[in-house]
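Peer 1: So for the sequence shown, full-length UniProt numbering puts the first residue at 1; every next one is plus one.
Hints listed in this document are in silico derivations from the structure and should not be mistaken for laboratory results.
Worth double-checking, as some hints may not be accurate.
[To be verified] Listed next, with one range per pair, are the computed distances between beta-carbon atoms:
| no. | residue 1 | residue 2 | range |
| --- | --- | --- | --- |
| 1 | T100 | S175 | 54 to 64 Å |
| 2 | E248 | Q74 | 38 to 48 Å |
| 3 | L207 | T115 | 14 to 24 Å |
| 4 | P18 | E86 | 35 to 45 Å |
Ideal placement from N, C-alpha and C gives every residue a C-beta, glycine not left out.
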Amino acid sequence: MNPSCCNTPGLGVQQLPPTASVPAGGSITLSCIFHNRNQTGTQVTWARGSREAVVLDPAHPFYQGRLAQSQRHQQGRAEATVTLSELMERDSGLYHCYITYPQGEQAKGTGTTLTVMGRAVAEIPAGCKRALVPNVGVSGQKPAGLRVSQEPGSLNATAGENMTLSCTFQNRHGSRAKVLWLRGSAEDLELDSNHPFYRGRLRVSSLDENRQGKATLTLAELQERDSALYQCCIKLDRGETGMGGGTELRVKRRNQSATGGRELCRDSGPLFHRAVISLSLVVLFSLGIILSLRPWNGVPVDPAVGAGSKPPPAPGLVTLI
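Given the sequences, and given the hints that come with them, work out the whole structure.
Peer 2: Here's what the structure looks like:
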């Protein structure tokens, strides 16, 4: 987006607040108030940066799940807001709203300078920058650097489950190893157990395990938002650095029992077996009743005596009871 656009006179846009300082992990809401004669067809875009404005995209891995936008109209005026949550230092910058009217006219907000205080995400070593360390496949290797193998290459999971990723590397001298886990393909975003999104869900391997050439990451209670590319970055005290080839994680929504559809299909096998067993028991029970009512062929039937009864003794014979 071109920051020099939107100089149409008479279309002033008030943006609030002009400046904001927020601690890492917090949230911020920016608003723009503008004239809107036609409530339909007006588009509002939020962007960050002064020289090259970058549009805030809710689907981008860096903003996914952290960005919410709204717009309301009242008596010829409109207010557009954007809320950015789980703030990191990297969110610091200059933000503008851009208004595009149906007639093609454009206007820009006065801007908000956001400063995020604290360090929710640690600085990533230069050797771990993905632009400098191209990898293909499961094994990643920086030229003349540390060779790292990462498993699995891809993983499918269901929301609510746990997943564990592992990286192995050569550490013959038992050097101290710094292990970073990165998320996303275009953004170098480090997973931090202190970040609000990961707090209580993230567990990494111990220093002793790292000295043995093993690094693991366990992420609990998975959410759909966790779907992304994950890579490990290993940096030894001896100066060697290497990255894993990455794991593509796809988290599917948990089947809802209230809807019944897919979950019923999944359980159709056991239900069918239970139905067959129940029907068989009913048939056997009915057959038993029918057989119990039929006369026994080994006993003669005398209409005068009744079916199934013993005949009266012949004359001169005594029956012992």
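Peer 1: Hint by hint, say whether it matches the structure.
Peer 2: To see whether the hints hold, each was checked on the structure:
no. : hint                     : verdict
1   : T100 to S175: 54 to 64 Å : holds (56 Å)
2   : E248 to Q74: 38 to 48 Å  : holds (45 Å)
3   : L207 to T115: 14 to 24 Å : violated (34 Å)
4   : P18 to E86: 35 to 45 Å   : violated (23 Å)
Comparing the model with each earlier hint shows violations of hints 3 and 4; every other hint is respected.
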